[in-house]
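> Combine both chains into one complex, guided by the hints.
Residue numbers (this note's numbering), protein chains in the order written: chain A, 53 to 333; chain B, 23 to 319.
This list has only true hints and no planted wrong ones.
The following label-pair restraints were derived from C-beta to C-beta distances:
1. B:L235 - A:V79: 27 to 33 angstroms
2. B:L101 - A:V79: 34 to 40 angstroms
3. A:V75 - B:G223: 21 to 27 angstroms
4. A:L196 - B:L230: 53 to 59 angstroms
5. A:E292 - B:P134: 44 to 50 angstroms
6. B:G265 - A:S97: 27 to 33 angstroms
7. A:S97 - B:L101: 45 to 51 angstroms
8. A:T277 - B:S178: 31 to 37 angstroms
9. B:D43 - A:T277: 48 to 54 angstroms
10. B:P134 - A:I158: 51 to 57 angstroms
11. A:F165 - B:G135: 41 to 47 angstroms
12. B:A105 - A:I158: 41 to 47 angstroms
13. B:G87 - A:T291: 37 to 43 angstroms
14. A:T110 - B:S268: 35 to 41 angstroms
Which stretches of chain A does chain B cover? Using the computed rule of at least three CB atoms under 8 angstroms from a CB of chain B, they are:
15. 142-153
16. 180-186
17. 286-293
Read the hints as simulated data drawn from the structure, not as lab findings.
These numbers come from a predicted model, not from an experiment.
Glycine included, C-beta positions come from ideal geometry on N, C-alpha and C.
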Amino acid sequence: MNGSPAVSREPSRWDLASVLTWVIVLVVFTLPICWILLKAVQPESLVFSSVVSIAEFTFANFSRAIVQGSLISYTISTSIIALLTCAIVLPLGLISGYALARFAFIGRATLLFLFMFSLTIPGLVNLLAVYQVFSMAKLINNPLSLVLLYSASSLPLSVWLMRAYVLSLPSEVEEAALIDGCSRIGIIWRIVLPLALPGVGAVAVLTVVSVFHEFIMAQTLVKVTGIGVVNQGLWRLQTEYTLDYTGIAAASILVSVIPVLLFVVLQRQFISGMTAGAMKG
Amino acid sequence: MAAIAAASGVQQVERGRRRFDAFPYLLLLPATILVGSFTVLALLFTGVASLTDWDVSRRVTSFIGLGNYARAFKDAELLASFARSSTFVLSVTFLSTLIGFLLAVALNRNLPGKGIVRALVIVPWVISELATGVFWMILLQPDAPLGLIFGGPLRSASGAFVSLILVETWRSVGFAMVMTLAALQSVDESLYEAAKVDGAGAWRITWLITLPLVSPTLLVVAILLMIGNFNLVTLIMALTAGGPISATTTTALLMYQKSFQYFQIGYGASLSILMSIVNVIAMGCFVLLQRGKGAVT
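Just chain B, same shape as in the assembly (with noise of 0.2 angstroms):
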């Protein structure tokens, strides 16, 4: 019987297989519209505002080609914003991959109470970004206890930017660190039993063996850390607002501030298609390492 039962249910699949079926694209079809309309869509809409000139000051809009574009790279703002962008981005990603990494590690080897622990350096990833912002914009104030020590660090331009760099990197590291404790999970710990009985420390069982081991969750971790800072706005913008002045205007923040601030529709469109375009190139790389992971199908 059951091997009938076997039988017929292959030639089913079968059968289906070869007909048309609808089945499939009616169970996908209300998902790909919704998102396909929001993201595809969307952008074709800002890749055609970004040709125009576009303004709330104008009363005529026209094609302008790729003026915008023209502009966007001749913007000394622009490019100082990049240059911000990109330091901030890569001493986000670094101090938290690497701070995440030894703290996981510090876990995965028998901390007591490593639970608590654990969920101690996720609670600033749960607390909504506007919030984290928040509480050290407070707690970096002059007159507060940790503003006195640094003297104020909001006040000057440089003491903003290691701020905003710091703040977020407290944010991140949890992600990090839960993310590298998975990866932990699956080391096969005959690896560091073989170690330890060649005479290797924990220092470098730990820099030798664990690191390559997850340095592929290490990859993963730093270009999903690298998106989202990139496209960081809500925390900037309640730590610091950007400034002093604009030193810590990033190109995501300027954007934001030229479409929505200003109201520069052509140009503000030129820079999210810049930025979709820096994302892109991230998520490529994303793909092309999951797919060397033999993950992505």
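Chain A with its partners taken away, still in its complex shape (with noise of 0.2 angstroms):
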């Protein structure tokens, strides 16, 4: 890690520092990865052996992941909660965050406090209460209960983000359409909306991301075999299958899937998303 940093004009080129950075990202961040790709399509009896044999790959492990561990129906209910909560954190998020952005009203302060309040209180200390008063309102084992609870933990940083980016949106085109006489929803819907549009795209990818991520608030609310986020099966194949090496890291592999393809293709919304809940602030 010695050289110059952030020299933009020289080319880059390999030197001793690029080789030992490229070698010891590959060797800590990948390799592993590659491992358990590689257990995934070996046979279970080369489970702890370091033997690499193309002709003995097998998809048994995987085909054994997705019944053991429920893996296509958590997957489609995965999906249906993750575009539900969309439906619900995208245009609440949008219009919360154009309300903090372009009005100047009396409690707004309070309500980038509740925000921003909200956002320190992670779902892990309301869980206890959540699970009490859902379990009074008979919301256990409801999926619709993890779509309330993700598009709560959600909002506050969606809310926070929209802001930020229709602060950084000139706000002239929504005033010169006020005076031709459009309507304040039709501000928002046909000025707002398309000029915020990459700014509600990162929020898109992290709110489906974070869906594909959780695991602890479903596995406590909703305990019905196949309806809940898929990290549920690969959970319920380590508990129960627990020496099947390869199947597990088989499931391992197949509930990352989705994230990861994300990820790569939106890698820009991602990163976006990623940085400006804490640069903008």
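Structure below.
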């Protein structure tokens, strides 16, 4: 890691520091994942061996993981939950962020504080209250309870991001549209939304990935096999088929496919969502 | 024409400001209800529950004042878990921020294929916590190559604890790196040029110029990592399940076990409240730092 930083005019070149960085990154971050991938396609008999023989590659682990972990059912269920969560979070995040960015009104600081404060309280410490209230309301084992919970936990950051995004847009167009007789709802729909689409995209990616990442709340609130989030399928394999390491490896690869694909395809939105939350405060 | 339009626009905005305007409140109402009920109301519920002896094994629940808190401060199990949480959180935060910073510096110079390197380092952050835990649980099995080298680290108390720190660092480095890279991109390059002209070596430039310039961002990263890791449960459940015995049972995991495995709801609630207080203190530092940067209005 010695070498001069940030000299973008120099062409990139392979010096010792570059080679070293590449080797460290490949060994530390990529090799473990490759090993899991390898175990996922090898027969159980080779689980702890370092022999690699392409002739012996098999998809048996994947089919076993899919059946024993109900992964198809869990994937469909997670996708529906993610879409419904987006259907709540995206419009509410946009209109709330817009209101906080563009209007001066009494209580604005209090509301900003509420959203900031909610970022502080992670789902975990509220889970006890949520569980008790949901069980009184007969919402346990109902996936809609997860949609509500995920919406509530995604909204603070989404509102925060949308507010920062709207603040970065010029307000002249909105004022001109108001004079031209455009309704206030029309302004949000026809002017703010199209301009803020990249921000909405970043929030959508964050929301979907967070649903595919979630485990503990779903595991606590929904205990019907096949309904909930994909990680519950992986957990079932890990706790019920403890010694089936190749099957568990295959399942852990399968539940990671959608988040990793989203990241690869939408890298820019993903990274802007990741950084903007803290950078723009 | 344009001037008239602009003038009347200003008028309209000013008139709108003087009258009571329900519009922003209507826009904010649904999100406020949803977020408020899941945080403020849930916190109130937890707060009230923490003052009771609510427990599934008990027939009658009654208020016991601050009894649960008194119990918590004398609970050797809890105090030990808090010590473990502190060590875990501080180690992961320090290692992730440091390695993330160094990688960001390496990437910010013209590393060949830096887009690929960046993606490779973020992938652990993109994989879910549970999958990460499962990955490493397999990799560290006594018979797996890594497990063989380190003698089945998950079987011994210290080995499991160190493994947990390193696995969570492996997951968090990408986050620290991405945040630091974003900050590095706004650094004025002429500063480096000037230092180079003055004869400063790369190592000195990194520690004496780059580090101070991005230290506000590093602090933000550190606080976010602290909050995230203090509340981490899923990864621990997958990797060690809190064991062997209780070697990797952090406060967050203990709170989860008390609330949802032993159903000591009153006591679990008091632990939730204590954890919230720690979180709020950390977030308070975050807000103060942001305000220092002039980012929060």
